[in-house]
Amino acid sequence: MSVQYYNKFSNFDITSLTIFSNYTKIKALILYKFIINFNYMFGNEKGSKEIETIIGPSVKVEGNFVGEGNVVVAGMVNGSLKTNHSLKVEKEAKIKAEVETANLYLAGEIRGNVKVKEKTVMTATAKIIGNLETQVLSVEAGAIINGKCLMLQSEKQVIENKENKKNNKQLV
Amino acid sequence: MYYYIYDSFLNDKKYEMTLYRVENRLMDLGINGKIEKLTLLKSFKEVVEQAVKNNAETLVVVGNDKTISKVISFLPNYSLILGIIPIGTDNKIAEILGIPMAEKACDVLSSRIIERIDLGKVNNNYFISCLEIPAKQEVTLECEGYNICPLNSSRMISICNFGNIFRTQNFQHEKIYNPKDGVLEAVIASEPAGRGLFKIFQKQYNKESVFPIKKIKIKSFKECLPVIADGEMVVKTPVTVEVVPRKLKIIVGKNRMF
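Those sequence lines, one after another, are chains A and B. Going by our numbering, the first sequence runs without a break in its numbering and finishes at 233. Going by our numbering, the second sequence runs without a break in its numbering and finishes at 259.
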């Protein structure tokens, strides 16, 4: 969902103003950044540009769903579910699908294989019936995983391991 | 060149003074032009075609939301810039675009901040704000690769460009979506779960489903359902709805909500 509002200052560059002293410019810049951050943190959605999909409890999605932004699931999904951003599965959600996502916050149920590029967070009510692939895993007591859990290495770790192996060979 | 179209409800005497003030302000700003007043015998389409023949560049619609809805359904077929002078009640579209009422809108016109905004298209008719369809179980929304089926508790399906501003009198609490993002939002509102007083408290916690879409087919299996565009035009299912990115050039105010 892209809730966007007009931001009056979006194209405004304070540093281009020559009539003010450097000190005034810096003060204005700090104030401007504070206003933007305040808006962002406290729900004034001016400036937020992410497209978000919400699959609510009154909806059932069937087929190959590909989300362009963050996805929140509170309803039912059958088929497959992909997104390059984050996926949040709420307590009442039921997913029977192959899932691929960058980050996963799971409080509901997934029946199917799950591939997470980065981080997976499972709450006490979370349930995965299928295999899980992830880099980082956080599991709260009570969560259920019925399947294989494969911890992937990040690209950095893969490069480091290769370098270590090379070094070891050279030493031998 | 500016071309002004007055809606037929402005022929009422109570708007005489307001129109007089608007015309005076336009004269002061030097943006006056030809004025056409709609009557029962003159349709919008005829007047717009006449404006195109007269080499008009900017078409200014004087009226309310209904006036804008009528003209939007076919205006994008012509390469005209749209301006609005809101008069009377129900001017939610103008409010979102940051255009003040009556003679104050003339200043917005003269400052000419032009935005290219997306429009929705339903079976060859354009809409600016939203489409509304009653959510029934036999309704299916077919998107690219997947289907959306509303369940029992669904109440209303809206396909939004700005947002469903016609749903309530006070739309300040409604979400306003960005009409420049190249997508429409399919919003499926659900029925509040509680009863009586609990309904009021639970309303805010009920989640709407929101799907950003570019093209969608809406089908109903049993009966043809009415699809209301911009609270005015009615089409029947099955319909194909798609976004037409940056289709309309429109004059907006500084206080626009997107």
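Worth double-checking, as some hints may not be accurate.
[What the hints assert, rightly or not] A few chain A residues facing chain B, derived, Cβ under 8 Å:
1. I116
2. G117
3. P118
4. V120
5. K121
6. A135
7. G140
8. T144
9. S147
10. V182
11. A185
12. L213
Just so you know, the hints here were simulated from the structure itself, not pulled from any lab data. Don't be surprised by glycine CBs; every beta carbon is placed ideally from N, CA and C.
- request: Double-check A/G117 for me: the hint is only fine if its C-beta lies closer than 8 Å to a C-beta in chain B.
  value: holds (4 Å)
Original post:
Taking 8 Å as the limit, does the beta-carbon of A/S147 come near enough to a beta-carbon in chain B?
Top reply: Nearest chain B Cβ about 15 Å off; hint violated.
>> Under 8 Å is the threshold here; is the Cβ of A/T144 close enough to any Cβ of chain B for the hint to stand?
In response: A/T144 check fails; min Cβ-Cβ to chain B is 12 Å, beyond 8 Å.
- Message: Checking hints one by one. Is A/A185 an interface residue toward chain B, by the C-beta closer than 8 Å rule?
- Response: violated (21 Å)
- Query: How about A/I116: closest beta carbon in chain B under 8 Å, or not?
  - Reply: holds (6 Å)
- Task: Verify the interface restraint on A/V182: the C-beta must sit less than 8 Å from at least one C-beta of chain B.
- Result: violated (20 Å)
**Prompt:** Do the numbers back the hint for A/G140, that is, is its least Cβ distance to chain B under 8 Å?
**Reply:** Because about 7 Å separates A/G140 from the closest Cβ in chain B, which is inside the 8 Å limit, the hint holds.
Next item on the list: Answer holds if the nearest beta-carbon of chain B is closer than 8 Å to that of A/P118; otherwise answer violated.
Entry: holds (6 Å)
Discussion item. Min Cβ distance, A/K121 to chain B: is it shorter than 8 Å?
Written reply: Check passed: Cβ of A/K121 comes within 5 Å of chain B, closer than 8 Å.
Return the status of the interface hint for A/V120: holds when the least beta-carbon distance to chain B is below 8 Å, violated otherwise. Holds. Min distance 4 Å.
- prompt: Was the hint right that A/L213 lines chain B, CB cutoff 8 Å?
  reply: Result: violated, 27 Å to nearest chain B Cβ.
For the hint on A/A135, does the least C-beta distance to chain B fall short of 8 Å? Nearest chain B Cβ about 6 Å off; hint holds.
Hint compliance for this structure: hints 8, 9, 10, 11, 12 are broken, all remaining hints hold.
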